[in-house]
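Let the hints inform the model, and build the full structure from the sequences given.
So the sequence lines, in the order shown, correspond to chains A and B.
Quick note, the first sequence lines up with residues 1 to 247 if you use the numbering used here.
Quick note, the second sequence lines up with residues 1001 to 1247 if you use the numbering used here.
The set of hints was computed from the structure by calculation and includes no laboratory data.
It should be emphasised that the depicted structure is a prediction, and the values quoted were computed from it without experimental measurement.
No incorrect hints appear here.
Selected chain A positions facing chain B (in silico; Cβ < 10 Å): (1) R54; (2) D58; (3) H60; (4) T64; (5) L75; (6) A77; (7) A114; (8) G120; (9) A121; (10) L122; (11) A125; (12) E130; (13) L131; (14) L173; (15) T174.
Glycine included, each C-beta is placed from N, C-alpha and C at the ideal position.
Protein chains: 2
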Amino acid sequence: MEHHQTVTTVSKSMPDRAMLGVRQVLSRGETLYTEDDFAGDWFIVLSGVLRTCRYLPDGHRQVTGFFFPEDVFGLEAPTRRTSAEAVTEVVLMRYDRAFLDGDEEVSLPSLGHARHLLLGALDAAEGRIELLGLRSACERVAGFLLRMDSLMDADGYIFLPMGRADIADYLALTVETVSRTLSLLARRKLLSFRGPQRVLLVSRSQLEELAGGRPWSSPATIVQQNIAYTAQRDGPGHLRTNHYISH
Amino acid sequence: MEHHQTVTTVSKSMPDRAMLGVRQVLSRGETLYTEDDFAGDWFIVLSGVLRTCRYLPDGHRQVTGFFFPEDVFGLEAPTRRTSAEAVTEVVLMRYDRAFLDGDEEVSLPSLGHARHLLLGALDAAEGRIELLGLRSACERVAGFLLRMDSLMDADGYIFLPMGRADIADYLALTVETVSRTLSLLARRKLLSFRGPQRVLLVSRSQLEELAGGRPWSSPATIVQQNIAYTAQRDGPGHLRTNHYISH
DNA sequence: CGGTCTGTTGATACGTGTCAAATCACGTGG
DNA sequence: CCACGTGATTTGACACGTATCAACAGACCG
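Below, the structure is given as structure tokens:
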């Protein structure tokens, strides 16, 4: 996965506006910048996973995004909307803001023009909006897992680099609800866990249904198919009570 | 408000890549494009209000954005992620996608370069993410109202062009919950209504508190100030029961 | 082997969804 | 200008889903 060798050791030797960045490494949990900092640079993840967060006055934390290799972040205007923290060890490229504000067209190594890059960031943000717009914990958790598909290993298992708390704060749920929902989906055999971090999506199609599925077209022909917690029997002992009860 | 005279009647006479758009008018409720359509153009709102929606397989509708004058939308990749529908009568400018994809730098009338425009759209999307990341109905409704500040009249009242259903589908709530929450905030005298569409933000500071407030800094010094429905007495008869009970 | 941290499970309170009905806003026609 | 009809909004009663508080289990580390 460590292909940053091709992109890294650029910069500084060229004095001109040749659009080159600086490579930077963060260790687990390290904070790159904080809310309200001056937003001088923007970044591209080369390896590892990073999260952006807000800390609300009531003490709650909001995770506004996870960023994986090739993802761009930190593009916001004069000050930071969020802080940026390393979920795992992270290697990233730092670019000067002037390269976006300036008049010259920017060409980035292996990522094309600045416009292309911005469109990608916008697309990712809209994906997050769709995810957060889902109503139930089940929908959001299923949607979340489907978006982590790119983290799949050779054996088909997804490795979740972030903890339950990160997921919860990302989906506007509690740790307990995330954990319960994952357990439930596993009991329903839509998922299979190998430790808390490694998960196999057994039935993508059913997960997509839960998550509001592949888009749909017009407001007609409504196929009522509301799969609630209580609407199906479990594996063996068809325990379809509320409160996640199982055993 | 109708300043589109300066921007409108351009286009077509100039054959070259002079970056000019076509003016277009939508009437209330009209659909501009639909999910999965080919995304050939993008748009800027000149007047009126527009919404983008997804229709989920379970019949629910998700409103992923409201767009006001000067807002940009429809920038997504080869096909539409959402449909676009006019909330009020809308006047907009339509631009060809090639102006974004092309190599030449684009300069738009009164909006600067394409990059600037994309950064604006990204900023708006991130604002929506922060809003949807709030947990309770109270927080989201308060946050929503604060973001509608720009719709303020001369008398200080905000005119809400969209119905309760639009707000509900935007905040991932039900119509009833939105209505109840607005009523509650009005009883608490943070709001004052003059008909369902016209609302005055009586206490912005308290609304900001509810909405997760102006950002905050670090994960320390937590000022526990969780204003729940039941945590305060109402105007006269301190009825702090649950279920929104009041009278 | 006893710390702490993360994740899971349980019991219960409470917030929000659902279904139903009343009320209000507003356009139409008398 | 007012009566009426229709749709939007508000309110009520109740069920259900999620938050909360608490306890337990497992992983990692000293």
